[in-house]
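K.L.:
Take a look at the letters that make up each chain.
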Amino acid sequence: MKPLAFVCAALLSPVAYAATSSPESSTPAQLYIQRAEQQQLAQQNTWQRLMYANTSGQSTVSYAGYFLTEAKTPDLNQELQAHIAALFQQAEPNQSVQCRFPARSRWLVQQLNIPQTELAVVACPELDEWIGQIRPYKTTLIYATDFMGNPSSMFGHTLLRLDPKDQQELNLISYAVNYAATVPGEQSWSYAWKGLTGQYPGEYSLMPYYRKVKEYGDLESRDLWEYELDLSPDETRFLVEHIWEMKHVSFPYYFVSDNCAYRLLGLIDLVRPELNLQQQFKVASIPVETIKALADSDLVKDTVYRPALETQLLAQARQHGTDLAQAAHQLAFAESADLNTLLQPYTALEQAKILEIAYDDLYLQFLARKVETGFAQPRLRQLLSLRSQLQVDKQRRAPDVPNVDPSQGHHARNLTLSTGEVQGQSFIELGHRQAYHDLLDPQGGFRTGTQLLFLQGALQYRDETLKLSQLDVLAVNSYNPITPFKTPLSWGFNLGWNQEALDQHGQFSTQEQHGVANLQVQMGYSWASADREHICYAQLQNHLQAGKALERGWRVGVGPTVGCQNIWTPQLNSVLQVELPYWEDAQQWNLRLHSQLQYVLNPQHAIRLGWEYQQQDQQDWHQTSLGFAWFF
Amino acid sequence: MLKKLALAALLAAGSTAAFADADAGCGIGSQVWAGQSGKVPKILAATTNGIFANQLFGITFGTLGCSGTGTVTAQVVTFTNENAETLARDMAVGEGESLNVLAELLSIKAEDKARFFAVTKQNFSEIYSADNQTSVEVLASLQSVMAQDDILKAYV
Numbered sequence: 001m002k003p004l005a006f007v008c009a010a011l012l013s014p015v016a017y018a019a020t021s022s023p024e025s026s027t028p029a030q031l032y033i034q035r036a037e038q039q040q041l042a043q044q045n046t047w048q049r050l051m052y053a054n055t056s057g058q059s060t061v062s063y064a065g066y067f068l069t070e071a072k073t074p075d076l077n078q079e080l081q082a083h084i085a086a087l088f089q090q091a092e093p094n095q096s097v098q099c100r101f102p103a104r105s106r107w108l109v110q111q112l113n114i115p116q117t118e119l120a121v122v123a124c125p126e127l128d129e130w131i132g133q134i135r136p137y138k139t140t141l142i143y144a145t146d147f148m149g150n151p152s153s154m155f156g157h158t159l160l161r162l163d164p165k166d167q168q169e170l171n172l173i174s175y176a177v178n179y180a181a182t183v184p185g186e187q188s189w190s191y192a193w194k195g196l197t198g199q200y201p202g203e204y205s206l207m208p209y210y211r212k213v214k215e216y217g218d219l220e221s222r223d224l225w226e227y228e229l230d231l232s233p234d235e236t237r238f239l240v241e242h243i244w245e246m247k248h249v250s251f252p253y254y255f256v257s258d259n260c261a262y263r264l265l266g267l268i269d270l271v272r273p274e275l276n277l278q279q280q281f282k283v284a285s286i287p288v289e290t291i292k293a294l295a296d297s298d299l300v301k302d303t304v305y306r307p308a309l310e311t312q313l314l315a316q317a318r319q320h321g322t323d324l325a326q327a328a329h330q331l332a333f334a335e336s337a338d339l340n341t342l343l344q345p346y347t348a349l350e351q352a353k354i355l356e357i358a359y360d361d362l363y364l365q366f367l368a369r370k371v372e373t374g375f376a377q378p379r380l381r382q383l384l385s386l387r388s389q390l391q392v393d394k395q396r397r398a399p400d401v402p403n404v405d406p407s408q409g410h411h412a413r414n415l416t417l418s419t420g421e422v423q424g425q426s427f428i429e430l431g432h433r434q435a436y437h438d439l440l441d442p443q444g445g446f447r448t449g450t451q452l453l454f455l456q457g458a459l460q461y462r463d464e465t466l467k468l469s470q471l472d473v474l475a476v477n478s479y480n481p482i483t484p485f486k487t488p489l490s491w492g493f494n495l496g497w498n499q500e501a502l503d504q505h506g507q508f509s510t511q512e513q514h515g516v517a518n519l520q521v522q523m524g525y526s527w528a529s530a531d532r533e534h535i536c537y538a539q540l541q542n543h544l545q546a547g548k549a550l551e552r553g554w555r556v557g558v559g560p561t562v563g564c565q566n567i568w569t570p571q572l573n574s575v576l577q578v579e580l581p582y583w584e585d586a587q588q589w590n591l592r593l594h595s596q597l598q599y600v601l602n603p604q605h606a607i608r609l610g611w612e613y614q615q616q617d618q619q620d621w622h623q624t625s626l627g628f629a630w631f632f
Numbered sequence: 633m634l635k636k637l638a639l640a641a642l643l644a645a646g647s648t649a650a651f652a653d654a655d656a657g658c659g660i661g662s663q664v665w666a667g668q669s670g671k672v673p674k675i676l677a678a679t680t681n682g683i684f685a686n687q688l689f690g691i692t693f694g695t696l697g698c699s700g701t702g703t704v705t706a707q708v709v710t711f712t713n714e715n716a717e718t719l720a721r722d723m724a725v726g727e728g729e730s731l732n733v734l735a736e737l738l739s740i741k742a743e744d745k746a747r748f749f750a751v752t753k754q755n756f757s758e759i760y761s762a763d764n765q766t767s768v769e770v771l772a773s774l775q776s777v778m779a780q781d782d783i784l785k786a787y788v
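Which chain is which? The protein sequence lines are L and S, in order.
Letter by letter, the first sequence follows residues 1 to 632 of my numbering.
Letter by letter, the second sequence follows residues 633 to 788 of my numbering.
Hints listed in this document are in silico derivations from the structure and should not be mistaken for laboratory results.
Positions of the beta carbon are idealized from the N, C-alpha and C atoms, including for glycine.
Heads up, some of the hints might be wrong.
Listing some non-contacts, in silico: residues in chain L with all C-beta distances to chain S over 12 Å [claimed, not checked]:
1) Tyr-52
2) Gly-65
3) Pro-252
4) Pro-402
5) Glu-429
6) Tyr-461
7) Thr-483
Here are the simulated EDC-like pairs of lysine to aspartate or glutamate, each with C-alpha atoms no more than 16 Å apart in a straight line [stated by the list, open to error]:
8) S:Lys-741 - L:Glu-169
9) L:Lys-165 - S:Glu-736
10) S:Lys-745 - L:Glu-169
The following block holds chain L by itself, in its conformation from the complex:
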């Protein structure tokens, strides 16, 4: 009777149970609790991480069902003891601690060396079925590259894929684990604010990987990179068992810091207690930076590139030539009766290429809702039907894998040191950027034609004075080139503060500089070479500036801008931009030229040469500089 009475006591109050331990009442549970105390298990990294303990040893999980003890702020040591006690208790199917908290149970059983025969015999049909479906064997980290169309995905996204053994060709039906903010209902402008301030709950979800491939690869035209992690099958299983424990748990989701990438690192830290990757990303966790941290810890085994559908389409246009691509685009939208006539002049091989391109083109237009379902659905089938009748092998060739994968690109933060002359006066300038990538940076691992700057500033020392020469709060530019298939807008905005060549009355000056706050918005079109190593653009630009030096305190400038981003070799690239705003206060055109040339020593170090020129009111203004950029 004694053990039974004891079990009841433990059920009622697992906390009280620990206190009752004495050498003579040697139930198994009690023995193991003593052993756990001797081993100081509650202080170990794994237990602390399973409990999501903060630095003061308190759990950050707010869901009460995550704990066995019922204290308002659970004591992690008592929680551990209650868990050990529960390992020896019978329970209804799916209700035992082994079923509800399989990762914790496994770890405790292993650490305490408890033989299976001593544990309570329990049945966990739900968990067994769940794990049986996933069949976890290895873990792959998936990186969805950045996407300028949405503020929350400008820095990219990471998720995990759980692959069964020896099923590489079936990765599409592997399960993916995603940690994301749950945003209820329609989103409004408060979305960004709530996302930044942790007002949405972050939760794990599980889905077939093909759904993510479709979402990112087809709908958002984001290439995926798959990094197979060097975790053992046991570690992968432990990770999956822990995901099960997180079923009803959510944390406040912060877009910048406590986000998808941050939580996934926590999972890796959990299965590798000797690591502490999360620690490096307390302030901000940019997904691609977390992959670099994984790679630095030798956790990346193999890298696979999964190009987005649009990337595949553009690769076909490059492989087969613009003429066939244009014929395909025409065919996709032609009258049904004209399809055969349009195809007739071409050989069977060319027809196959045209039909394959036409399908991908139309499907993407359909996904972008540029074409009616009533037209697209029968036409898509018609194109494939015609294609299936050609006795020609598949003509789509996989796009070339980029030479540099995102984990090998430059770091998001940088420090620049430069020296030069402004109007004959020499200067030294120190610059710093928090994130992320600009048109001049080493381009390997990034999408060319995109620029995202967050907190970039520079201090200039000249003429015995130190001045803030520039501060970009946020700048986003997307130079999305025209293709044979579509004519997207290239757009950008820049919010910041900079020095302008102005005197104290707001007139153009070759002698003085004064600071102004600046909002700049631009929109237009871009063109690119087939490999996208050379992009040029033409846009209409609006400036709105405010500053004490300006006559009315503010001014507006409107005008055209043209520019080019050129990658001449992997080591040598340049950016050239000409702006011609018409300042309405001075009623004068202001010609501005910015040019920069960069020599890349390695992805994290580069030398830069710059020349800036302005002309207004028949006066010239020059600045030349030579600098060094270090990314870290």
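With the hints as your guide, set chain S onto chain L.
P.N.:
The following block gives chain S in isolation, referenced to the frame of chain L:
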């Protein structure tokens, strides 16, 4: 065969995706974005992820009102439905990752895969005929094509 495929009523009026069923019962396919138009809602919906909240931990294959019997399992129907555009794209050229997955899900042995790819390409117009508006109908046609083939009939 058709009896085999007499699955739950998957048909709903109209179809929002190019190939996939409009009914959300069998996986969620492309219709997640139904009822929204324009680029902005699409982008937001696609990145929200929260739209899947009701099934955060669902064993997605088979628990969404989707069922099947014989070789056409719930997973086959769900996969065919949610990957319809890619699968048809592969089938029309006789090869591809998603076509290979379908072959695996239909338990087609490695040595018969080439045959499966060739036969489905040859009969593409029948399998994805304009009359077949749902994945279940597509699969029924696929099965009748396979039934007429000396080797593939073993998998029906």
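K.L.:
Evaluate each hint against the coordinates.
P.N.:
Hint check:
Its beta-carbon lying about 18 Å from the closest one in chain S, Tyr-52 (chain L) satisfies the requirement of being farther than 12 Å from that chain. No Cβ of chain S comes within 12 Å of the Cβ of Gly-65 (chain L); the nearest lies about 14 Å off, and the non-interface call holds. Under the 12 Å C-beta cut-off, the non-interface status given to Pro-252 (chain L) relative to chain S holds; the minimum distance is some 14 Å. With a least beta-carbon separation of about 20 Å from chain S, Pro-402 (chain L) lies farther than 12 Å from that chain, consistent with its non-interface assignment.
Remark: the non-interface label on Glu-429 (chain L) is consistent with the geometry, its nearest Cβ contact in chain S lying 38 Å away (cut-off 12 Å). With a least CB separation of 44 Å from chain S, Tyr-461 (chain L) remains clear of the 12 Å interface cut-off, as annotated. With a minimum CB-CB distance of about 17 Å to chain S, Thr-483 (chain L) clears the 12 Å threshold, and the non-interface call stands. For a cut-off of 16 Å, the pair hint linking Lys-741 (chain S) to Glu-169 (chain L) stands: about 14 Å separates their Cα positions.
Annotation: proposed proximity of Lys-165 (chain L) to Glu-736 (chain S) holds, straight-line Cα distance about 15 Å (limit 16 Å). Straight-line distance between C-alpha atoms of Lys-745 (chain S) and Glu-169 (chain L) comes to about 13 Å, which keeps the hinted pair within the 16 Å bound.
Of the hints listed earlier, there is not a single one the structure fails to meet.
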